[in-house]
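Trainee: Once you've looked at the hints, go ahead and assemble the two chains, each given alone in its own frame, into the complex.
So the protein sequences, as listed, match chains A and B. Sequential numbering of the first sequence, starting at 0, is according to numbering that gives the first Met the number 0. Sequential numbering of the second sequence, starting at 0, is according to numbering that gives the first Met the number 0.
It should be emphasised that the hints constitute simulated quantities derived from the structure, not laboratory data. Some hints here could point you the wrong way.
Claimed, not checked - A few chain A residues facing chain B, derived, Cβ under 10 Å:
{"hint": "1", "residue": "E144"}
{"hint": "2", "residue": "S160"}
{"hint": "3", "residue": "V186"}
{"hint": "4", "residue": "H188"}
{"hint": "5", "residue": "G189"}
{"hint": "6", "residue": "M191"}
{"hint": "7", "residue": "D196"}
{"hint": "8", "residue": "A202"}
{"hint": "9", "residue": "D204"}
Every residue, glycine too, gets a C-beta built ideally from N, C-alpha and C.
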Amino acid sequence: MAKIIVVTSGKGGVGKTTSAAAIATGLALRGKKTVVIDFDVGLRNLDLIMGCERRVVYDLVNVIQGEAGLNQALIRDKRVDNLHILPASQTRDKDALTQEGVEKILETLTKDFDYIVCDSPAGIERGAQLAMYYADEAVVVTNPEVSSVRDSDRILGLLASKTRRAENGQEPVKEHLLITRYNPARVDHGDMLNLDDIQEILAIDLLGLIPESEAVLRASNQGIPVTHDNDSDAGQAYTDTVSRLLGEKVPLRFHETQKKGLLSRMFGGGRR
Amino acid sequence: MKLLEFLKGERKKTASVAKERLQIIVAHQRGQRDQPDYMPMLERELLEVIRRYVKVEQDAINISLDRDDDCSVLELNVTLPRS
Ligand SMILES: Nc1ncnc2c1ncn2[C@@H]1O[C@H](COP(=O)(O)OP(=O)(O)O)[C@@H](O)[C@H]1O
Ligand SMILES: [Mg+2]
Chain A
0 MAKIIVVTSG
10 KGGVGKTTSA
20 AAIATGLALR
30 GKKTVVIDFD
40 VGLRNLDLIM
50 GCERRVVYDL
60 VNVIQGEAGL
70 NQALIRDKRV
80 DNLHILPASQ
90 TRDKDALTQE
100 GVEKILETLT
110 KDFDYIVCDS
120 PAGIERGAQL
130 AMYYADEAVV
140 VTNPEVSSVR
150 DSDRILGLLA
160 SKTRRAENGQ
170 EPVKEHLLIT
180 RYNPARVDHG
190 DMLNLDDIQE
200 ILAIDLLGLI
210 PESEAVLRAS
220 NQGIPVTHDN
230 DSDAGQAYTD
240 TVSRLLGEKV
250 PLRFHETQKK
260 GLLSRMFGGG
270 RR
Chain B
0 MKLLEFLKGE
10 RKKTASVAKE
20 RLQIIVAHQR
30 GQRDQPDYMP
40 MLERELLEVI
50 RRYVKVEQDA
60 INISLDRDDD
70 CSVLELNVTL
80 PRS
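This is chain B alone, in the form it adopts within the complex (with noise of 0.2 Å):
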């Protein structure tokens, strides 16, 4: 069988690349699921603001809330190109 596949070139398997995909889109979907519902708008127009000094891709941008029984932490992490 690993001959086989050997000579075949050894393609990876669409469904395994299904997979990878998935674990990281449910990864992140699970990340949002506890956040309050303004935080997409809140991260487009940090994005909207950043964006007007610095040139950054639309995925540059990472934002999240941690709470804690007694405050909340709101983390930014912004990719910026090399300049």
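Just chain A, with the same shape it has in the complex (with noise of 0.2 Å):
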């Protein structure tokens, strides 16, 4: 049986993709059996930051209109072993996923996964819903600013009232806080709002913490999940996350500003 988990956030561009493919991929390293599969029909890009777009034959809305079986659809990580792709459609239409269909292939791949990751669409409509309605658990992806704060509570709210846990009765879905694009030289000058301030208005676990950084960038230029890139400080923050999300204890890293030393003082520091 496997975990299913949605990466959420409400908020658009705060990094759920990105968040997505480095803890697909990062759980996969871990030697899990893991699925990563794009909710976003009509705008797939999942596929774009797992560098594998030229490799798409078919796509989820294929196959829960039977144009095409799951493992057709499925594309297998050239990097990683264990690991498994499933684009959204391009199609216009919205109404081509279908929450029976949806139920179908989780079924059928939580037989064979360890972990399904859930990339969601933003907003909170059909397309967001039905990305968090199977979930066990939720990484929501918060960036440190009043609207997508604002936006993530919006989901919380929803995780405990419009998923399958919910309306089952069942034990309720396990809400992470995972926080993108921190920058602490603005949260010390005191125009970023604080890890503690969200995990405070929040109140839900932290995951994990991702600096803004430039290896997001090239990762995705690439299309090579930023997890791979061992020596950034954005691939170590998401291998973190994994290991969190595995259960295991990981002080926190990258939330304060570096000391520079003399040496990277007088170099410039380089790129990190």
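Mentor: So, in structure tokens, the structure goes:
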């Protein structure tokens, strides 16, 4: 039985797809059989971030509508064993995604995989609700910024009421906070909400903190999830995040400004 | 550091303004979470009726539904202007 994890946020552009790709990659690198599903019908992007856009033949909607089998649509990751991608379709028809269709796919996948990571579209409409409906756990991606925090709170409300677990009166969806695009220097200046404030306002467990990082753009340029970039701050932060998801205790990093040493100050620090 | 802030005029940091605003918004959102879907509509219509008689602001009305085991209480608070 796979664990179903939805990566969600309400607000767009906060780092859901980046995080879904990075977390799925991290889980697979830890030996977990993982599939990551793009629920953003009409605006698929996960394939680009995973670097498999040229190998997309069939997609989620093709499978739901019976035009292809699940195995034909699943793309095997080139870099990591145990990692598969199920792309979204580019169809404009939002109703192409049906609840029964999604349920059937997840039911099949759950037998073969350890983790199913669902990359949610933005918003609180049908697509976002379908992405979260069957979830066991939720990673709520939040930027240190007012509209993102407010939207995350809206999403927490939906997770508590509009999911299978909520409707069946089962144990609630486990909610995790993932703060991304965090800039410790701006926090120090008092121009950015700090970690503790966000946690206090949303009042859920902190799963991880990903700093604002140049490595993320480099990764998406190349179609290589940032988790593979072991030297980068963001890559390491996602690796820590995955360890915590697996129940390990890992101290928080990258939340404080680096005290620059004399050498790095002289030579400009270089890239991190 | 304190002295420096004092000399700079102790401007309130924008992040703490953000935090205060969010605390209010989130508390409000959470209050509405378990409310039935008709509440916003009911609130709007009640406001309309009240406005037929008294001139009140948009945010002068506060409505909430408290549910107990065997009954619910609809609470309506309207701040009327000084007459
Ligand atoms: N930690 C980060 N540092 C810098 N840029 C980031 C970070 N996380 C995401 N981004 C950038 O933000 C943009 C939106 O990210 P994306 O993952 O597509 O968000 P979403 O799926 O929530 O819409 C992308 O351009 C991405 O490269
Ligand atoms: Mg996305």
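Trainee: Hint by hint, say whether it matches the structure.
Mentor: For each hint, the structure was consulted:
Interface restraint check: A:E144 against chain B, minimum CB-CB distance 8 Å, threshold 10 Å, status holds. A least Cβ separation of about 7 Å between A:S160 and chain B falls short of the 10 Å threshold, and the interface hint therefore holds. Hint status for A:V186 relative to chain B: holds, with the closest Cβ pair at about 7 Å, below 10 Å. Using the Cβ-Cβ criterion of 10 Å, the hint placing A:H188 at the interface with chain B is satisfied: the shortest such distance is roughly 8 Å.
Given hint, A:G189 at the interface with chain B, holds; its Cβ is 3 Å from that chain's nearest Cβ, closer than 10 Å. For A:M191, the interface hint holds, the least distance from its beta-carbon to any beta-carbon of chain B being 6 Å, beneath 10 Å. Interface restraint check: A:D196 against chain B, minimum CB-CB distance 5 Å, threshold 10 Å, status holds. Annotation: A:A202 was flagged as interfacial toward chain B, and the flag holds, the nearest CB pair being 9 Å apart, inside 10 Å.
At a threshold of 10 Å, the smallest CB-CB gap from A:D204 to chain B is about 17 Å, leaving the interface hint violated.
When held up to the earlier numbered hints, the structure conflicts with hint 9 and nothing else.
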